[in-house]
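There are 2 protein chains.
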Amino acid sequence: MKQCKNISNADIHITGGFWKKWQATVAESSLNAVYDRFSESGRITATELHWRTGDSNPLHIFFDSDTAKWIEGAAYSFYYRKNPDIEQKIEAIIDNIERGMTDEGYFNTYYQTVEFSNRFTVRQNHELYCAGHLIEAAVAYYEATGKDRFLKLMCRYADLIERVFVTDPSAKFRTPGHEEIELALVRLYHATGEKRYLELSKHFIDERGVHEDAYFDFFNFDPRYAQDQAPVRDQQSAEGHCVRYGYLFCAAADLAKEYNDDALLAACERTALNAMTKKMYVTGGTGNMKHGEAFGPDYHLPNFEAYTETCASIAMAMLAQRILNADPDGRFGDMLELQLFNGALAGISLDGEKFYYENPLEQKPENLEFMHACGASSRPIERIKLFGCSCCPPNILRTITNIGRYYYSSDESSIFVHLYGASRAKFNLNGKTLSLTQSTRYPDNGKIRVVISAKEPVQATLAFRIPAWCDAPTVRFKGSIPDRIEKGYAYFDRKWENGDVIEIDLPMRIRMIEANPQVADDCGRVAIKRGPLVYCLEEVDNGKNLADIRIAQYPNFHSHYEKDLLGGVTVITFNGTRREWGDELYREYRPARKKEGFTAVPYYAWCNRGPGELECWVLK
Amino acid sequence: MKQCKNISNADIHITGGFWKKWQATVAESSLNAVYDRFSESGRITATELHWRTGDSNPLHIFFDSDTAKWIEGAAYSFYYRKNPDIEQKIEAIIDNIERGMTDEGYFNTYYQTVEFSNRFTVRQNHELYCAGHLIEAAVAYYEATGKDRFLKLMCRYADLIERVFVTDPSAKFRTPGHEEIELALVRLYHATGEKRYLELSKHFIDERGVHEDAYFDFFNFDPRYAQDQAPVRDQQSAEGHCVRYGYLFCAAADLAKEYNDDALLAACERTALNAMTKKMYVTGGTGNMKHGEAFGPDYHLPNFEAYTETCASIAMAMLAQRILNADPDGRFGDMLELQLFNGALAGISLDGEKFYYENPLEQKPENLEFMHACGASSRPIERIKLFGCSCCPPNILRTITNIGRYYYSSDESSIFVHLYGASRAKFNLNGKTLSLTQSTRYPDNGKIRVVISAKEPVQATLAFRIPAWCDAPTVRFKGSIPDRIEKGYAYFDRKWENGDVIEIDLPMRIRMIEANPQVADDCGRVAIKRGPLVYCLEEVDNGKNLADIRIAQYPNFHSHYEKDLLGGVTVITFNGTRREWGDELYREYRPARKKEGFTAVPYYAWCNRGPGELECWVLK
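These protein sequence lines map, in sequence, to chains W and U.
Residues in the first sequence are numbered from 0 upward in steps of one, following numbering that gives the first Met the number 0.
Residues in the second sequence are numbered from 0 upward in steps of one, following numbering that gives the first Met the number 0.
Source of the hints: derived by calculation from the structure; they are not laboratory data.
Quick caveat: nothing in here was measured; it's all calculated off a predicted structure.
Be careful, since some hints might not be right.
[What the hints assert, rightly or not] To list a few chain W residues with every Cβ distance to chain U over 12 Å, as calculated: (1) E142; (2) D233; (3) N366; (4) R404; (5) Q552; (6) V617.
[Claimed, not checked] Cβ-Cβ distance ranges computed for the label pairs, FRET-style: (7) E365(W) <-> V209(U): 41 to 49 Å; (8) G542(U) <-> P364(W): 35 to 43 Å; (9) K4(U) <-> F217(W): 26 to 34 Å; (10) E496(W) <-> E365(U): 51 to 59 Å; (11) K543(W) <-> D470(U): 53 to 61 Å; (12) R592(U) <-> F217(W): 40 to 48 Å; (13) E595(U) <-> N574(W): 26 to 34 Å; (14) I480(U) <-> N574(W): 44 to 52 Å; (15) K543(W) <-> R592(U): 26 to 34 Å; (16) S377(U) <-> N574(W): 18 to 26 Å; (17) A262(W) <-> E365(U): 22 to 30 Å; (18) F217(W) <-> G609(U): 27 to 35 Å.
Built from N, CA and C at the ideal position, the CB exists for glycine as well.
Here chain W stands alone, though its shape is the one from the complex (with noise of 0.2 Å):
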């Protein structure tokens, strides 16, 4: 098993292009408007734990896990940009965290304002789970400025939790019900070099589906919800909510690689496999059943009624990026790219101020309006500014200030290669500094030039992901190919000196995808994907009635970049037919069908020129 680290976001630059203007736009405006939308509905303030019952603002069991997501994408942003004015109001949280700590070390501030007593006793209480985003908050924070009091009273809570789960038990569950202190313990680990940590971690992981009995009172007590089914590694598949699943292995990836635990390793791979290969849409999405916000049947695809929650793409990204760390896997190179370019990107809005938490791949905005009238919905036509639970605006926001660090992993002697985009990284091979300078206009298209940097040779490997979509790439250096292609990626093995340039091609021709006959929604119907990006159909290019446009036998399929479209992106326009109609709901079947042009855009754009349909699977 590969011992990679991802790399630090000190050692990473993002210098242009796609990812830059979106760390622009988080910087300059998802931050404020996030931290705005938290204090009115009461979120910041309720830190200070003045909160009494009757208030406004009902408190909600999870708030502390939406501040500390939004602290931990604050501090990532400071790699970007210092922001004093930021800093200010994180030192302010912290002070009133540090505060209203309790003596044993305690913070939350629901049970600390509503039931004390209670602490500990119910597993579906989100307890541990603000807890683990807390110290995601506390470790990213102290990283980005060296300050160690918000890190310290993390450690003085995760102490106290060993205390209650394990040295002293007295909680009144085992594992916690939604999952994140486990792979939180890990990075806090890290950050203080405390085994201790890491052994927490992997006494949740190894206790789950083990000992646990205080199953959910919803989904029918069935113990997939929560991932309580079999012992973690012994999970055949990606069971129940999708988050916690996805939050739960990555924490199993971090051990597995920490233990050389291959029984762990295998169990990440092979449920993120079943994920991907059994009910995972086309743009990443993940919740293929809206009940439970969860895993459904294999194969059930429903793309209006698809719960593809926002943050369920960014947990399947953060597994796929530490399976990568572990074992460098084309399949989940490319799941991570899907997740950050599609799944998890749609979540915000261009301006950075809006966000979607469902991010269906079918909209029709008057069947909602209708739903949402009699109480069959409450998913947004547009995105929204804050939700009632409100986790997916501070986790994608904290996921593209801290975009670099999905870029590579490395050890002593080699560096993968996992995304591509303007950037600049420093590693650390074997004492000697190695700097890849990664030029391109990707994912406008697919030409990557990578310049090496060294003050002297350093011998190791490089390998760069080449993603399943492309069937005709190039990657070249000196003119030679690569010495082997292995699991989806390109390796060198090579003594590198300054100013070596490795050349990538990868072309980006349009493809159609076709779903498995046994996705019932899919069939008949191609997605279209140039590059890394799903594209979609939208009301405002091509009309109503989405779902009755045809691709032609011969499409004529063209791309071209708009700079002045959803903030510049690649169009694609193609030749199709759709139906001309009446008013009549039923009527024999005709074959003529009306010739038109269509655009098509990129999905994560969708719903930023006002509300309307959207279709991503096309008849063809």
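Position chain U relative to chain W; hints supplied.
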């Protein structure tokens, strides 16, 4: 406005063919099967009023309606065949009702055993719905047997309801939460001649949507749920709970005729047409939104999630038949036929003992099983013997035993033939008797021979429905074409003599139907119909992944009768293609498809050969 009546059961005899077989099945199996299930589940003994909180077989607020519908259906069966055993069982129930009825004339199993003091206070508790079904049962039993004990009890009940809601109002709501009493009161008026009952029915219709403020505390308090959104005469569309809508407008259509109320008839037709042209499945099913078992958004017709309740199709058939009495318009005649042969009839197994409540247009048993396990769906995979809310079994039972009443409308000088099927019917036209004998194998084929019997020549208009599904109908009397075709009926004005024969031929070309492009789920797909029957594909005939089957450009449709299949059905075969596929979830589109022959069977007969996939909309 026409003042036709539907034919009474005493005057029509189903002599053979399709419905005769169903009447035999119901008389020989369903009657006892439903009684036994109702007995085991406590519905029958509940009428003894001995149930107490904590007893087994928890009492439901609608138990009385279930029992009543069974009595009603049993009573109709006596026209087919006397059944002393069943009659005795009904008498025993009537004994209980007589014994249990309060001095004021109240009878309700639930309220009298659980919360008597709350009677007439909770609008949504199905109280008047139960009363209405008891009244319908009493009328039917009286008409079939001549015994008036039950009828008189129900008159007392109706008198009480009049006092509580009109004369000396004390009820805590103004109109029923679940309509039914309104149409029952019209029937009670016809059975007794007591006009107060007609006026009470009109009172409930006039009050609805005017003064009511006891809205339901779900469906987001949307008044549409129970058709409260506007005065009945002003309602523009079919809204809310489908069965409630149907029963309400059944009464409205009856009252329109009784009071010659054009505005009321217009509301019936307008709202029914709205349902038929905006939110009705090709099978006739309504309930395109599971939430609230309700009419959903226009053109939103999901096939797997279809909440197409058997009762809703029956209610639409009842409504169609009532509209036809006032306005013989083929659109409603077509709907009547569609519902009876498809949406309604799918609710009962061929052996008559098992039932569907929801009638989906697409079934994936594995998906449903998964959803059952985690509480995401309770729709059974196969028809079952009893539901917690078991309204549908006795409803389809009473519909089949009462089928003759749907055939004709007539007044003093006209007979309108709505349905075709082997039968003999007797009419009284201006004091003269005229009988019509239909000889036909309908719906196996569309040839119908109608022979007239009359002791003396009778001047009358005979009008025969020309189904819209037939594009080459012929209707001939002694070689002559009809005098006129008007709104889907072929009219002959003649002095009819004994032995006159009308020859009708309605060729049943196999037709492919497409849905409006606004119906996203059906785009690129066709439904197969032959005559009045909607066809479907089943796994047992065509293997798995039915949604991926594509009808060939030249399908080479053939139909043939198979007497040993599904109780004798006309089977359709056609050429088509499907994809070959490995394990992957997605792949790049390949045009190649495998040619294969496929078999379609009538939708009503699906799932009588074990559970399996179902598909009504086939790729084209």
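We went through each hint and held it up to the structure:
Distance check for E142(W) against chain U: the nearest CB is about 37 Å away, which clears 12 Å, and the non-interface claim stands. Every CB of chain U lies more than 12 Å from the CB of D233(W), the least distance being 19 Å, so the non-interface label holds. At roughly 4 Å from the closest C-beta of chain U, the C-beta of N366(W) falls inside 12 Å, breaking its exclusion from the interface. Consistency note on R404(W): stated as away from chain U, and its beta-carbon is indeed over 12 Å from all of that chain's, at 28 Å minimum.
Not every Cβ of chain U is farther than 12 Å from the Cβ of Q552(W); the closest lies at roughly 8 Å, contradicting the non-interface assignment. A cut-off of 12 Å between C-beta atoms contradicts the statement that V617(W) is not in contact with chain U; the least separation is 10 Å. A beta carbon spacing of about 29 Å between E365(W) and V209(U) contradicts the range 41 to 49 Å that was offered as a hint. Our hint of 35 to 43 Å for G542(U) and P364(W) holds, since their Cβ atoms are close to 38 Å apart.
Judged by the Cβ atoms, the range 26 to 34 Å given for K4(U) and F217(W) is violated: they are separated by roughly 52 Å. Between E496(W) and E365(U) the Cβ separation comes to about 58 Å, which falls inside the hinted range of 51 to 59 Å. Roughly 30 Å separates the CB atoms of K543(W) and D470(U), a value that falls outside the hinted 53 to 61 Å. For the hinted restraint 40 to 48 Å between R592(U) and F217(W), the CB-CB distance of approximately 43 Å keeps it satisfied.
Between E595(U) and N574(W) the CB atoms are about 30 Å apart, so this pair conforms to the stated range of 26 to 34 Å. The hinted window of 44 to 52 Å between I480(U) and N574(W) holds, with their beta carbons roughly 48 Å apart. For the hinted restraint 26 to 34 Å between K543(W) and R592(U), the CB-CB distance of approximately 30 Å keeps it satisfied. Distance hint check for S377(U) and N574(W): the Cβ-Cβ separation is about 46 Å, which falls outside the suggested range of 18 to 26 Å.
Checking the proposed 22 to 30 Å range against A262(W) and E365(U) shows it holds: the Cβ atoms sit about 29 Å from each other. Roughly 32 Å separates the CB atoms of F217(W) and G609(U), a value that falls within the hinted 27 to 35 Å.
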